[in-house]
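The listed protein sequences correspond, in order, to chains A and B. Here our numbering is used: position 170 in the first sequence is 174, and no number is missing along the way. Here our numbering is used: position 67 in the second sequence is 179, and no number is missing along the way.
Note that these hints are calculated values from the structure, not bench results. For clarity, every value in this text was computed on a predicted model and none was experimentally measured. Glycine included, each C-beta is placed from N, C-alpha and C at the ideal position. Any given hint might turn out to be false.
Within a straight-line C-alpha distance of at most 27 Å, the following computed BS3-like cross-link-like pairs (lysine-lysine) qualify [stated by the list, open to error]:
| no. | chain 1 | residue 1 | chain 2 | residue 2 |
| --- | --- | --- | --- | --- |
| 1 | A | Lys131 | A | Lys117 |
| 2 | A | Lys117 | A | Lys153 |
| 3 | A | Lys244 | B | Lys256 |
| 4 | A | Lys131 | A | Lys153 |
| 5 | A | Lys222 | A | Lys356 |
| 6 | B | Lys256 | A | Lys117 |
| 7 | A | Lys131 | A | Lys59 |
| 8 | A | Lys59 | B | Lys177 |
| 9 | B | Lys256 | A | Lys131 |
A few chain B positions that, by computed beta-carbon distances, are all more than 10 Å from chain A [as the list claims (entries may be wrong)]:
| no. | residue |
| --- | --- |
| 10 | Ser117 |
| 11 | Ile119 |
| 12 | Glu121 |
| 13 | Lys177 |
| 14 | Gly182 |
| 15 | Arg191 |
| 16 | Asp199 |
| 17 | His200 |
| 18 | Lys203 |
| 19 | Asp223 |
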Amino acid sequence: MAERPINDQLDDLVTEILAGERPDLSNADPLVAQLSEVATELRGLPSTFFYQELKEQLTRSSEMSSTGQKIDPMTVRRFSTYICVSNASAAIDFYIAAFGATELMRLAEPSGKIGHAELQIGESTLKISDEYPEYGALSPQSLGGSPVKLHLQVENVDDFARRAVGAGAVIIRPIEDQFYGDRAGHLRDPFGYTWIVASHIRDVSAAEMQEQFDSFSKPKQVPARREGYHSVTPYITVQKAPELVDFVKQAFGATEVFRTTGSAGGLHSEVRIGESMVMIGGGPGMTERPSAIHLYVPDVDETFRRAIAAGATSLFEPADQPYGERSGAVEDPSGNRWYIATTVVPLSQIDKDLHTVTVYFHPPKAQELIDFLTNAFNAQEIMRSDSGDGAIYHAKVRIGDSVIEMGDARYEGQALPTAIYLYVDDVDATYEQALRAGGTSVMPPADQPYGDRNAWVQDPFENIWYIAATIS
Amino acid sequence: MNQVSEIDERLLIEAAQQDPSRFAELYELHFHRIYAYISRRVRDRSETQDLTAHVFQQALANLGKFSWRGAPFSSWLFRIAANAIADHARKLPRESDVEASPISNTNTEIDFEESERLACVYQAIESLPNDQRRVIVMRFADEKSIREIARELGRSEGAVKQLQFRALENLRGTVSEKANG
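Isolated chain B (complex conformation):
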């Protein structure tokens, strides 16, 4: 779903450079990996959201300056993200050394691989059956309790827990399939 050939990506970038309204397609392709990358480096949802928004706004504003040199577009986005995280960390009060040095290990292949894997998991949610997908989104994205979800969906708490279980089982299957295939 998130994979396009290098040629296609070049065409998409060129199209968006000519007509910025085409940027949405690049956003759709890369949102999940960038979000995953940032979310593993800042421990707060609203910071992740702010930084993700910042990365894509920067990318849109500077798209004209991007030129194709063989590295995928995602590397460029990751670099913007790494810089944004670093800037963000500098602005934080230095209470914790760990929080203050989130970029100490950026730009390594391992980071990107982890982001790719998370992006795959996020996207696998799209192919879950409707009721399972809703439970996962409400539980993990909206951080609602089982009780809240049960009330909103008009189901019993047991049923919601069962859906959560099935969904995680399905996701594990999809993800390990992807990893092996």
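So that you can see chain A by itself, here it is in the shape it has in the complex:
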């Protein structure tokens, strides 16, 4: 016996114990002997199913004794959900891992196929079976979806969803504060069911709920901008525009989605990097308006290497920064500065409006630019780090769905007056507002042949703002 693997030795003893025998431990490995004592204690372990059944039975009896009256035969005792899945055994594993369910019982065929199983989830029971087409039991996979959604009220929806996603659920509607007082989202499990997970965060009266609900049916204003565009898009003008397009393709994996001849006769190109767009224009002899861009990428070292290979020069090598990102910087042959960074947490956790391409300004006085953006475009400051006596090291403002970053220029030539294509809801009103805020008109609002209405305004720091909206 001592020759048998230790797991087998132990199981031999367990088998004897379960058969009601008193095993002979004289030759057993000492550890195995100790563990067999624990096994002896477990003989006769109550079944979870029995525990639960008796509890339900007692609850029924107690309900009867509470009322002390005759029970209405039409009384409904309990409502529970019975789902059909393909691969019930895997589904049970999933619900245990994802939702902390407890298996109460299962009736399995020799093949493992499950005819009926019960799980405890919170205070409720979920019943599950495999597919039995002959009895009309079909899973969402076979039916092409399920019209029924399942709802879980949980203590902390964010933590709960995180565990579920770790177990294989997919978030199909993000976890967000809802008008009816819950924080909730939708998860799709690997078996085709949708689970609404929710935590209650505040009480909302029925009247307030209805009022909110009514507001949804009012016609909504569709953002007046081309698909794929955020509010803020850098418009870089350089003399060697085609070369710059090639550079961003090679260095940053940009894809060119549009190319034409610009209004001044040069190139006009639109490229996508990650989920952001960049406009690139210009040609020989044109005034250059390069830009500084904070470019968030999955792997800063790899991107940095590609940028150098594509002809950029290093401003500083990738390094871990004390403010929680790894970043490096390059200057491309056209003079644009790219601050390439990989963040420790997803961008959306830093700020929901932070994009792959985020424009970075180095104005001589950042405070004055913040004032202008606030007055002209209703920008909202979301953070700043400053010296306390007026100097701003780093600040972020939100305009529409985008974030702009800035810091005071620390040396001559760091300020790069640039251009921004800014989508707004109302071009004419924003144009007037920008002029009142101290902007200078370069071109009043006009409908353009490419489908946008736009107006051009120069701010006090020589940046050009193309204020635009698509013509509906």
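On the provided structure of chain A, position chain B as indicated by the hints.
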């Protein structure tokens, strides 16, 4: 997990006396020790289940008569259980003297201590990792063979034996911790 202060228990009992639907909380607190107590005195699972169900039904029906005299609620339940076992034994054909006199040594501290210890072991199972807990429940509560468990869980028999080994090791750790702490 199973420990509540005397004050809390009194409040629970009073609540259940006023509103029997609160009895479930007392059931949850005491199920394991009563089950363990009975299971060590009758040698058959279905008898244990019947008697355990009987004890809690009796307790629910007579809860109004329970009055607090300093002894814990569990003593009252143990007494109902001891009586139930005695009644049960009387009904059995007298084939075996051992089976017929299961209450000869009841109501001793040692019995209760053993029940408490078993209840602790049962409850320690709840804190095992999921796969280990499932193996233990299937093996010891559902009395399934390693082969059956392996098939149901879609794992190899070796893996199931390994989980069983790890689980028993963990339980031994938890239980000796509790005994020492």
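Hint check:
no. : hint                 : verdict
1   : A:Lys131 to A:Lys117 : 15 Å, holds
2   : A:Lys117 to A:Lys153 : 25 Å, holds
3   : A:Lys244 to B:Lys256 : 76 Å, violated
4   : A:Lys131 to A:Lys153 : 15 Å, holds
5   : A:Lys222 to A:Lys356 : 26 Å, holds
6   : B:Lys256 to A:Lys117 : 17 Å, holds
7   : A:Lys131 to A:Lys59  : 18 Å, holds
8   : A:Lys59 to B:Lys177  : 21 Å, holds
9   : B:Lys256 to A:Lys131 : 22 Å, holds
10  : Ser117               : 23 Å, holds
11  : Ile119               : 23 Å, holds
12  : Glu121               : 18 Å, holds
13  : Lys177               : 13 Å, holds
14  : Gly182               : 26 Å, holds
15  : Arg191               : 19 Å, holds
16  : Asp199               : 19 Å, holds
17  : His200               : 16 Å, holds
18  : Lys203               : 21 Å, holds
19  : Asp223               : 15 Å, holds
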